Amino acid sequence: MNGSRLLAQIIKELLSLLRDPRARAILILPPLLQLMIFSFAATLEVRNATVAVFNEDIGQPAREFVADVTSASFVGHVIMVHNRQQQDELIEQGRALLTLHIPEDFSRHRLAGQPAPVQVILDGQQANAAQVALSYLQAIAMEQGNRTEPMVLRHAFNPNLIYQWYVVPSLSGILSMLIALAVTALSISRERELGTFDQLLVSPTTPLEIILAKCLPAVLMGFVMGSVMITAALLLFQVPFTGSLLWLAGALVLFIISVVGIGLMVSAVSETQQQAILGVFALAVPMVLMSGFATPVENMPDLLQWMAQAIPLTHFLVIVQGSFLKSIPADVVVSHLWPLALIALVTLSGATLVVRKRLH
Amino acid sequence: MTAIALDDVHKAFGKTRALKGISGEIAAGRLTGLVGPDGAGKTTLIRMMAGLLKPDSGTLRVAGLDPVHQGMALAESVGYMPQRFGLYEDLSVQENLKLYAELRGLPRDDYDATFEKLLDFTRLGPFTKRLAGQLSGGMKQKLGLACALITSPEVLLLDEPGVGVDPVSRQDLWRMVQALTGEGMAVIWATAYLEEAERCEDVLLMSDGLLRFTGEPGELTRRLQGRCFRLKGPHEKRALLGEVLARDDVRDGTIEGDRIRVVMDEGVDGEALASLGDVESVAPRFEDAFIDLLGGGPGGHSPLADQMPDVPELKDPVSCHHLTRRFGEFVATDDVSFNVRQGEILGLLGPNGAGKSTTFKMLCGLLKPSSGEARVAGLDLRSAASDAKLKLGYMAQKFSLYGLLSVRQNLTFYAGVYGLRGGEKQNRINEMIDGLQLGPLLDNAPDELSLGFKQRLALACALMHRPPILFLDEPTSGVDPITRREFWTHINGLVGKGVTVLVTTHFMDEAEYCDRVALMHRGRVIALDTPDNLKARAGQGASMEQAFIHLIEEQDDA
Amino acid sequence: MRSRRLFALIKKESLQMIRDPSAILIAFVLPVVLLFLFAYAVSLDIRQLHLGVVLQTDSAKAQSLAAEFSGTSYFQVLPARHRDEVTPLLVSGELKGYVLIPPDFDHRLARGESLIQVVTDGTQPNTANFVAGYARGVLVDWLADRGLRSPIKLDARFWFNPEVETRKFLVPGAIAIIMTMIGTLLTALVVAREWERGTMEALLSTPVRIPEILLGKLLPYFGLGLIATLGSTLLAIHIFDVPLRGGWGTLLLVSACFLVPALGQGLVISALAKNQFIAAQAALFSGFLPAFLLSGFLFEIDAMPAPIRLLTHIVPARYFIESLHSVFLVGDVWPLLIKDILAMLAIGAVMFAIARAKTRKSLES
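Residue numbers (our numbering), protein chains in the order written: chain H, 7 to 366; chain S, 3 to 560; chain W, -6 to 358.
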């Protein structure tokens, strides 16, 4: 290993990334824009839902129940219907998330202290939203006519269940992963297509130096962008931070290195830039899906859960979410850091071997 | 009959004025060369004739049509072959032909006859099922030509069809084109390669967006009658060339085997050179006239080489023994052995697909031999550590530069990659900037620069660590004669300092600069000798190109 | 327009498509992977949530409530005696919440006070909602069984998807994602490739007209898109158990209508970006990500802030996903489908108008 050779290559990689103002813009602006849009868009909350009410009862308890439902925070729009056909049509055409059918004997049952059935039809096409809405309805139903609620509910770490507290830290991981992948995927395949890679290979530089030099700027780029987004989470979105910034920064570096390793692997194997682009794309989508961002890892079949452990993002999401909200203890962080280190080691040595094999 | 008429045609791209008022006529039934150095505006003009660009001002008529307003009709009567063939690499030869036949509306009944004629004409008959991407450069050119010829257009536009084509394939191309003009077609052949221009019936000579000469090439050549000489001196030829070019009364000079070809200033007699050696008068060539018209060749002095120290003695600079490389069943390099002596230029010459590149890559350690060995500075590059690579400078095809870095940053990068640091690094970089006149454009990106400048920059990058051995892979492909002369001035200067050079090339005049030429064919070295001896084998007064074709055909017949 | 030239171009494009491994990867391999992941990996179905039950009294009633929690398939219960046992597990993520049954449970029950405390892991709000909802349901049922409260009994029915399996709406949605990739990403790449390789220049010098070039690109990918839809649908029905309640004809019709804006977008991108890298980036940012995030595929459009809701109206995938859900799970609901089809065709028309205006038969930039 030779310091000045390595330094020259690192400077070259940084310049190729950042010298051109348009390339700089393409690299930096979209992720920030995405953070802004997706932080608001990526939500599994139920808000502004359309609810249809078919009330056949004129009694006071029925009117109170309807009033409570229509004023609930998840409801945005209420449609009063007057027959069953109308009610069914709304669900069929996807115009209402749920309909509430209150039969004419509802008030009578309530006043007699008997269980009073209410029919709820939910749109199963929107399975998640329907389930969440149903649980809200249940809470309203439980409160009816009671002074004290039988169940005291507390949401730890995020008392008001603000979705952005979950999404924004997670997005910082996902987006910095995508940046690091995009930067590295092309780094070797572009040089190969332009012929400069041969020029490098005939110089005294070693495959390890080539890989390291390609690694560092991408890590730097990913780390800076990740940090910017974490800062945005702190300052702009006001997500509370309870963990250690130092641990998080360390985890971010290790996470980016492991992602860069994957990107360089793909780049080293690809013959052309197009292959590299599509290859990285074909990897990135499953990685995001299986990372536990959209849905918890525990919900997956065992085999997929096991595969998810090989995805850097899975581990980083636990760390970043924990650092923000849960004051995650150091030993838990460490238990997710060593898999990251292992992935980085395997992919980076893999990429070095592929480059070395080209040479011999 | 006039096929194309140009009247004061202007075209600018942003601030760059590509065409500054071109007027002229191109006759039907004749082969017209569109000649000029890089950046002269040849491609812009030819694209305009094809209706792909519009003139900013002025008019042109192609086959009696106005390309701007009658584009559709124009497309029916013009055949166009762009610089990059326009072939679909993942379609077969037959499929490419059929596609263009359909697009150009060839009647279905004529298919078989036309395809048969074209395949016969291009000698591509045996390869109809092969994918275009797997054809050699020369075969691609011929297929591209066949596709442009499907419906016998009135005007055929060929943009640098000779680039990357070996002499054997080029001869095929000429044969095809000459047959076409016989049928009354106007053929326009753009080229920076003057041996090609010389064979055209008419030429339009462009430089810097202006038309400098129109007419028969012989007319221009005749102007140099009595000014061209061949000089054989007692001294080493490269030193002699330097001496000749340093004179005030010399317009141009090049190496031809053992001798120097000299163009004298107007009114100066060849006897003025008698003090340097034996002088004989020779017939002028178009290239001589071209250089003369553009203000004469560059000087013969390389400031770059001046700064280089003498290379200490080096045993066995480059050698290979029984070098063989197979790709599956295909033997790309077959039992090749040769040595290059210190301070020698060895040229690797051969038709497309002869195994030049494979051999070259094995020699500089980019490819592993299947058997045999290659040594550089007495070391096997595959196993030798970085130290061996420090002895080697490499200039890749197409001048592989980092397009995203500025000129200065490219230089700094290569200095760093070869382990230079501190003051030494800065000195070397400055040396290169001064020696190769890179100064004025240091902050531009290489992609914005002319081919000639890129070539100098690539040379600077390859020489940064002062290697005693230099590998050049097609160093002047697509570059005009003036730039090529500048390049060889530097190489000659370096060889004078004891640098050993291995070069692959398609250009026959480049072969003349070599001390010895290894002619490759079908993976084997079929001849290894000095240029003069090779020419002698093809008969008295043969050119390098004739020698090349002769030796290849001799081999094929055997 | 000459049909002969058009057929020649279509044939050329189809041959190239078949011979290009990356097209096969995007059109056939990636869809299978995606469908598989959406069927099995990305499940919003919450089953077997890890829940701690801290039982701080040994009273029979409290134990029967604890047993009720263990008895439901929604929870996988970790019994505990003290809060300190479960809080660290909540931090490490091993528990999604815990229920605290206090020492004075019987006393509270008698006096009608609040009975239990439920604490969820709020870092994953969606899961937290499910834990709260299911816990509430268990408690309500337990109270009702004892006649202690006479609640409003919500008789909930999920239409079209009675078992509330997210797979049934994710798999049809995934088809929209796949079609976006084929329509937009592949089309953008193949046109950019013609510019990069110089074949476009040769094509432009022939008598071919611009609409012929555009259609020659589109029709093969249109066909590929429909074939991929058919394949994905067969997989969805036979392997992933998603019902197809509408007609095959309707399915093909809405798919065909979606391909119009998707392909149009690919053409617009390639008309503006003549290099594969930029084309790929643009296709990802303007095609793939909106189809994923702004289409109602995973995230409810209704829950987004107004400006973003407005933005979703120009995402063609939004209409396609709505139609697909309807055709797969409900049936041919024409009022809805016609509205969606018109929206997709309108966006498509705009895209084509832009593509046509931006593609010129010359090399002038």
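To be clear, the hints were calculated from the coordinates, so they are not data collected in a lab. These figures come from a predicted structure and were not determined experimentally. Fair warning: there could be bad hints in the mix.
In silico SDA-like pairs for lysine to any residue, Cα to Cα no more than 20 Å straight-line [said to hold, decoys possible]:
(1) W/Lys146 x H/Gly65
(2) W/Lys351 x S/Pro109
(3) W/Lys146 x H/Leu167
(4) S/Lys56 x S/Gly66
(5) W/Lys4 x S/Pro109
Now the hints, each set against the structure:
A hinted pair counts as satisfied when its Cα atoms are at most 20 Å apart, and lysine 146 of chain W with glycine 65 of chain H qualifies at roughly 17 Å. Annotation: proposed proximity of lysine 351 of chain W to proline 109 of chain S is violated, straight-line Cα distance about 32 Å (limit 20 Å). As the CA atoms of lysine 146 of chain W and leucine 167 of chain H are separated by approximately 26 Å, the hinted pair breaks the 20 Å bound. With a C-alpha separation of about 16 Å, the suggested pair lysine 56 of chain S and glycine 66 of chain S falls inside the 20 Å cut-off, and the hint holds.
For the given pair, lysine 4 of chain W sits about 18 Å from proline 109 of chain S by alpha-carbon distance, which is consistent with the 20 Å threshold.
The structure fails hints 2 and 3 (numbered hints given earlier, in ascending order).
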